[in-house]
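Engineer: In case you want the letters, here they are:
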Amino acid sequence: MQHQTNAPDPRYFQLVFQLIFLSYGILWLHWEANWVHYLTCISGCLFFNYSMESFRQRKFLPLVGKHGWMQWGFSVMISAASLCLLLKTNHWYTALLSAFLTVTSKYVLRIHGKHLFNPSAFGIVATVLITGDAWLSPGQWGSDAVIFFSVITLGTIVVTRVQKLDVSMAFLITYMGLLFWRQVLVLGWPADYFFHSLCTGSLLLFSFFMISDPKTSPALPAVRIVWAMLIAVVAFYLSAFRWQNNTPIGVLVLAGLLVPVLDTLFRSDKFQWKPTHISSIYSTINF
Amino acid sequence: MKKLTALIILFAMISHEANAFCGFYVSKADGTLKNKTSQVIIVHDGNRNVITMYNDFQGNFKDFAMVVPVPVVLKKSDIKVVDQQIFQLLNDYSQPRLVEYFDQNPCNRIMEYALPGKVAGSASDQKIENGYGNHKRTLGVTIEAKYLVGEYDILLLSAKESSGLKTWLEENGYKIPPSANEVLEPYIKSNMKFFVVKVNEEEKKKLSGNFLRPIQISFQSPKFMLPIRLGMANAEGDQDMLVYAFTKQGRIECTNYRTVSLPTDKNIPLFVQNDFNSFYSNLFQHQWKREGRSVAMLEYAWDVTPNNFVKCDPCVATAPSEQDLVQAGVWWIRRNWNDYSDVNKEDDYSSNVFFTRLHIRYNRQAFPQDLMFQQTPNTENFQARYIITHPATGDFNCEAGKNYLKGLRKRRIVEMETLTFLTGKGYNDWDVVDIKNEEKMAPGGATYQAAALVAGQKTGGNHFLILTLLGVLGVGSMFGIGRKRI
Chain A
0 MQHQTNAPDP
10 RYFQLVFQLI
20 FLSYGILWLH
30 WEANWVHYLT
40 CISGCLFFNY
50 SMESFRQRKF
60 LPLVGKHGWM
70 QWGFSVMISA
80 ASLCLLLKTN
90 HWYTALLSAF
100 LTVTSKYVLR
110 IHGKHLFNPS
120 AFGIVATVLI
130 TGDAWLSPGQ
140 WGSDAVIFFS
150 VITLGTIVVT
160 RVQKLDVSMA
170 FLITYMGLLF
180 WRQVLVLGWP
190 ADYFFHSLCT
200 GSLLLFSFFM
210 ISDPKTSPAL
220 PAVRIVWAML
230 IAVVAFYLSA
240 FRWQNNTPIG
250 VLVLAGLLVP
260 VLDTLFRSDK
270 FQWKPTHISS
280 IYSTINF
Chain B
0 MKKLTALIIL
10 FAMISHEANA
20 FCGFYVSKAD
30 GTLKNKTSQV
40 IIVHDGNRNV
50 ITMYNDFQGN
60 FKDFAMVVPV
70 PVVLKKSDIK
80 VVDQQIFQLL
90 NDYSQPRLVE
100 YFDQNPCNRI
110 MEYALPGKVA
120 GSASDQKIEN
130 GYGNHKRTLG
140 VTIEAKYLVG
150 EYDILLLSAK
160 ESSGLKTWLE
170 ENGYKIPPSA
180 NEVLEPYIKS
190 NMKFFVVKVN
200 EEEKKKLSGN
210 FLRPIQISFQ
220 SPKFMLPIRL
230 GMANAEGDQD
240 MLVYAFTKQG
250 RIECTNYRTV
260 SLPTDKNIPL
270 FVQNDFNSFY
280 SNLFQHQWKR
290 EGRSVAMLEY
300 AWDVTPNNFV
310 KCDPCVATAP
320 SEQDLVQAGV
330 WWIRRNWNDY
340 SDVNKEDDYS
350 SNVFFTRLHI
360 RYNRQAFPQD
370 LMFQQTPNTE
380 NFQARYIITH
390 PATGDFNCEA
400 GKNYLKGLRK
410 RRIVEMETLT
420 FLTGKGYNDW
430 DVVDIKNEEK
440 MAPGGATYQA
450 AALVAGQKTG
460 GNHFLILTLL
470 GVLGVGSMFG
480 IGRKRI
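The listed protein sequences derive, respectively, from chains A and B.
The first sequence lines up with residues 0 to 286 when you count with numbering that gives the first Met the number 0.
The second sequence lines up with residues 0 to 485 when you count with numbering that gives the first Met the number 0.
Hint data in this document are derived by calculation from the structure and do not stem from the laboratory.
Please read these numbers as outputs of a predicted model, since none were measured by experiment.
Cβ coordinates follow ideal geometry from the N, Cα and C atoms, glycine included.
Just to be clear, a hint being listed does not mean it is correct.
Here are the simulated DMTMM-like cross-link-like pairs (lysine to aspartate or glutamate), alpha carbons at most 20 angstroms apart as the crow flies [what the hints assert, rightly or not]:
1) Lys265(B) with Glu99(B)
2) Lys188(B) with Asp191(A)
3) Lys265(B) with Glu31(A)
4) Lys288(B) with Glu31(A)
5) Lys204(B) with Glu143(B)
6) Lys75(B) with Glu143(B)
7) Lys310(B) with Asp239(B)
8) Lys79(B) with Glu143(B)
9) Lys405(B) with Glu416(B)
10) Lys288(B) with Asp143(A)
Pulled a few chain B residues facing chain A out of the computed Cβ check, cut under 8 angstroms [what the hints assert, rightly or not]:
11) Glu252
12) Cys253
13) Tyr256
14) Arg257
15) Ser260
16) Gly291
17) Asn377
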């Protein structure tokens, strides 16, 4: 079944924007670019995804074409880009492990034909916890207004194409509201203190590029809004009262466990990236 | 009535005396720059923190006082005074360094040298005055504890509201700037305590030396941070802080500001050796602006584990010994091997020590929040290292010699460009160049003056190009890619 369609696959945008962010970090923010990490993450993700997908289909997939690259390569590139953007590692084998965990979680940890965790979030959190050789740098983006606005606009474009702005906004508004309540209303810090917390690229990137993943959030709109708000509340609590870093991503992974429960309780049609033209196989494995 | 002025290093209110520059600046354009430097050692593992604060207060010790917000009420055993040498030692060891190499005349036989060179000084000058009286009234202020430690009288205060605390401090002789309120209030509401220090004159008299020793406090708290906001309450302009951090695992970095490594391993013109301090001051200021000010600069990171023998490359000063580390507050490397009574207790012995030096230039505008840190497993060594190369001397009549001179001219153009990139200054800004002397040092007319002329003609524009490229890529992707997929 093939249809002509004008709506582009949102994952193209996602990938392009992630690459823009990476270039921004390296060129502007002068990150110490770890090319070994980048190369290992990308090639590792591609290799593992090809192997897993071939194994799942019990045949060697072609390298290019609609049943080749588009099936095994493209979607995992977004996960690989997330690993490059967010995760830092000391050694190539840690980077390789993160790629392995990211891809495997997608194929192994599945319930009702849907993967349980956001692959890159799982890969990142698991690598940090297991190895102690990897870390995230929440301060890496700084608080420049430029990145603030670009992430907002670029992110909006990405999510509106997938009609999941609701998750991002529910998370972001709840989290910002709680920050405002705690920092300004309760503690009495001046406004710029609050804005400084908001403008970290990490928070916005998480809101628009990670929690917004339609494959790992509850299917019913009302449910997923509550689910996103819950993540915001727990992440806020852990960071404001328990002094933990990178709480949104950790909580997102835990909240993945809730999704099958919520989906069973509140039934709805499963999300497909491009329901109009993609074959049945396509809909089962996705980022 | 005694004139009691406000005080404080580090975290509290810094008085307005104009401080001398450390080193001097080549360009007069930076005249507004203030160099108030405070130094602090922070040792962190798990929830345990040891913080050592240094000030080189000059003046009447009666007038000294300091207010530091701390997360918990400290016990007397949590507070001690340490030898100030430790700061000098850490500073000397981790300072940005100038390395010199010597070219060999290719017409002669080849020899290699690499000599450790100079370091950039960063002496801190800080005027602190104060003292507090004996009058105590409630005002919602509770004296949680009162200790005499070394030459210091120490009070731990908790407060219910900022105006009460402010009144209390004022009645006890602190001049509190009006803007301190916006900071005191959040600290009180965050349940922070106030660590208030003044000099006990009796005890001070018993000690020799005309200086105050650093105070070291240790406490359990998950908050891995340094409260800098109080120090900005009445300070205009920029203040500098050097943070020497020790962890078991690896580098520390800021979680709410960017941590940026300084440009390092750059070849710079030979004449910089005349005044490396100025070079580095300008470099820091220029890079700080270039990175958008709200950044912590990484100046040094190294594994200083006692049994790691390569502690720097090249070393400009002695690396801290195990004893120094213990004095700095690194508690986990000390273990009494004959005493196993604490084995069942939380035994966190480890021989690993990683050292990070961050240099933070802060002001109220660029730093709305206190400094929050995290420990990372990043063990990559880093040092701010700048290289000068002495040209070869002698006769260059052989073929290789001619090529050498050609290469030298090219190299010096690159060095001048690097200088401008690093410091924002060109050849003419550098008023310490002794031209005659320089020409003597420049075989075949390869002077920096000539190189500067060539280097000056090239202007940057790279960033603009890249920005445009990225913009086009982004816009293009929105409209083009994937649109015609079938």
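Engineer: Hints first: check each against the structure and report whether it holds.
Structural biologist: Hint-by-hint comparison with the structure:
1. For the hint linking Lys265(B) to Glu99(B), the alpha-carbon distance of about 12 angstroms falls within 20 angstroms, and the restraint holds.
2. At roughly 18 angstroms between alpha-carbon atoms, Lys188(B) and Asp191(A) fall within 20 angstroms of each other, so this suggested pair holds.
3. Under the criterion of a C-alpha separation no larger than 20 angstroms, the hint pairing Lys265(B) with Glu31(A) is consistent with the structure, at around 16 angstroms.
4. The straight-line distance between the Cα atoms of Lys288(B) and Glu31(A) is roughly 19 angstroms, inside the 20 angstroms bound, and the hint therefore holds.
5. For the hint pairing Lys204(B) with Glu143(B), the CA-to-CA distance comes to about 27 angstroms; that exceeds 20 angstroms, so the pair is violated.
6. The suggested pairing of Lys75(B) with Glu143(B) holds, with an alpha-carbon distance near 12 angstroms, which does not exceed 20 angstroms.
7. At most 20 angstroms may separate the alpha-carbon atoms for a hinted pair to count; Lys310(B) and Asp239(B) exceed this at roughly 26 angstroms.
8. For the given pair, Lys79(B) sits about 18 angstroms from Glu143(B) by alpha-carbon distance, which is consistent with the 20 angstroms threshold.
9. Proximity of Lys405(B) to Glu416(B) is assessed by CA-CA distance (about 17 angstroms); at most 20 angstroms being required, the pair is judged to hold.
10. Between Lys288(B) and Asp143(A) the CA atoms are separated by roughly 13 angstroms; this keeps the pair inside 20 angstroms, and the hint holds.
11. The beta carbon of Glu252(B) is positioned within 8 angstroms of a beta carbon in chain A (closest approach about 6 angstroms), and the interface hint is therefore held.
12. The beta carbon of Cys253(B) comes within 5 angstroms of a beta carbon in chain A, closer than 8 angstroms, and the hint placing it at the interface holds.
13. Annotation: Tyr256(B) was flagged as interfacial toward chain A, and the flag holds, the nearest CB pair being 6 angstroms apart, inside 8 angstroms.
14. The closest approach between the C-beta of Arg257(B) and any C-beta of chain A is roughly 4 angstroms, which is under the 8 angstroms cut-off, so the hint is satisfied.
15. Using the Cβ-Cβ criterion of 8 angstroms, the hint placing Ser260(B) at the interface with chain A is satisfied: the shortest such distance is roughly 6 angstroms.
16. The interface hint given for Gly291(B) is met, as the beta carbon of that residue sits about 6 angstroms from the closest beta carbon of chain A, less than 8 angstroms.
17. Taking 8 angstroms as the C-beta cut-off, the interface hint given for Asn377(B) holds, the closest approach to chain A being about 7 angstroms.
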